[in-house]
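This note's numbering applies: residue 1 is where the sequence shown begins, and numbers increase by one.
Keep in mind that a hint or two might mislead.
Stated by the list, open to error - The following label-pair restraints were derived from C-beta to C-beta distances:
(1) Arg88 <-> Ala286: 54 to 64 Å
(2) Thr164 <-> Leu335: 35 to 45 Å
(3) Glu340 <-> Arg28: 36 to 46 Å
(4) Thr265 <-> Arg73: 47 to 57 Å
To be verified - Straight-line distance between alpha carbons at most 20 Å, and here's what the computed EDC-like set of lysine to aspartate or glutamate pairs gives:
(5) Lys154 <-> Asp257
(6) Lys317 <-> Asp354
(7) Lys367 <-> Glu74
(8) Lys44 <-> Glu138
(9) Lys367 <-> Asp95
(10) Lys245 <-> Asp229
(11) Lys317 <-> Glu417
(12) Lys367 <-> Asp354
(13) Lys53 <-> Asp141
(14) Lys44 <-> Glu84
(15) Lys314 <-> Asp414
(16) Lys367 <-> Glu392
(17) Lys245 <-> Glu227
(18) Lys385 <-> Glu187
(19) Lys245 <-> Asp230
(20) Lys231 <-> Glu107
(21) Lys231 <-> Asp205
(22) Lys53 <-> Glu84
(23) Lys44 <-> Glu87
The hints are simulated quantities; they were obtained by calculation from the structure and are not laboratory data.
Beta carbons: idealized from backbone N, C-alpha and C, even for Gly.
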Amino acid sequence: MGHTLAEKILGARSGGAPVNAGDVVVARVDFAMVHDARAANALKAVATLGFDKLPNAARTAFVLDHFSPPPSREAANVHADMREFCERTGAVIYDVGDGICHQVLPEHGHFTAGDLVVGTDTHSTTYGAFNVYGTGHEGTDVAAILATGRTWFKVPETIRVELTGRLAPGVWAKDVTLAMLGRLGAEGANFKVIEYTGSAVASMDIDDRMTLSNHAAELGAEAAILECDDKTVAWLAAHGAQPPKPVTADADARYADRFAIDASTLAPKVAHNHDIGDVVDVSELAGQPVHVGLIGTCTNGRLDDIRQAASILKGRKIARGVRLVVTPASRAIYLAAMREGLFEILTEAGASVDAAGCGTCVGITHKLMSADRERVISSANRNFKGRLGNPESEILIASSATVAASALTGRVTDPREFAYDIRSAA
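Throw the hints in and build the complete structure from the sequences for me.
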């Protein structure tokens, strides 16, 4: 019997031979990440373990992204503790404005294909876009990894999803993952790994692949791993990663489930009713008024997302009374968008551009506060009540293109109403 991507990666890190779903293994972690929202507990746990120096400091990063910039004295003090710890131990640090952990780690070449990466955030599944087993653990668990370089896993079962065809203009990986949520429901893949494969994945650029892996967190997945191809190798090399160690699934691997989705048949989608698993085509909600738009976060704050918005808004003005906020996922993306003139387009259209970070998405920094009974349309990842700070407003989740089109008209709008295709323009 063959093995899945997850079984091969965890096996290679725990003795060399592939392991099977259900096995319990102790695995060597290639890279560990702690962000500021979990740093206080992690630092306390490391102190309890008595480590003045980190044995794996070069393979550890601390990221100041959730409380960015710090909205309180307590948050600022956590940041100060993180800076002091990294200065003392030699761990890597990314400070306020550098960007979101799931973007800055691959951008700075901290892992390569075939690696095992653990972070203190559920969206650490994002690293799977690079043929990596990326997963989220609690801060105290990651503290043990900082001290020992290892942690234990119960090897998950895997769901294999073949995305056939090719996404049509105006349809993005965001719409694929919303289709997955509509099919399986929120947490429908709890403690399972998802393998995405097929011609639609092969045709996606890295930005879209990262969205696909990132959003697996809303499905409850432990990880979402894509196979390595020439695009993966080229991207990793361009960002200074070590030579890849690609892992492929065996044809006779055993899966908990496997199914196909014809990506060419998908329409733009939206999640509503305070439930990320309640997904409909945009056309079903078309015409409903929107008051606030958000483009950004670890899910959809990449350069392609900003290009989508700029392509739709170029030479136009967002609807009167609508606020549109754009938060790039990293400083590098911020600079790239600025150099391309994308922020000039968005600003002239009436949008506001915020510093790189994820505080807006979590509702911590209060940079996007909607009023009671207002409707927000967002390209972030979650829409439960109060996610953005006000439990009396509604949040719709959609692609960056759908958010931009809706901000332009002031109502939920199918982005295909506007002729654009940044894929062919790129």
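query = So which hints don't hold here, by number, going up?
reply = Failing hints: none at all.
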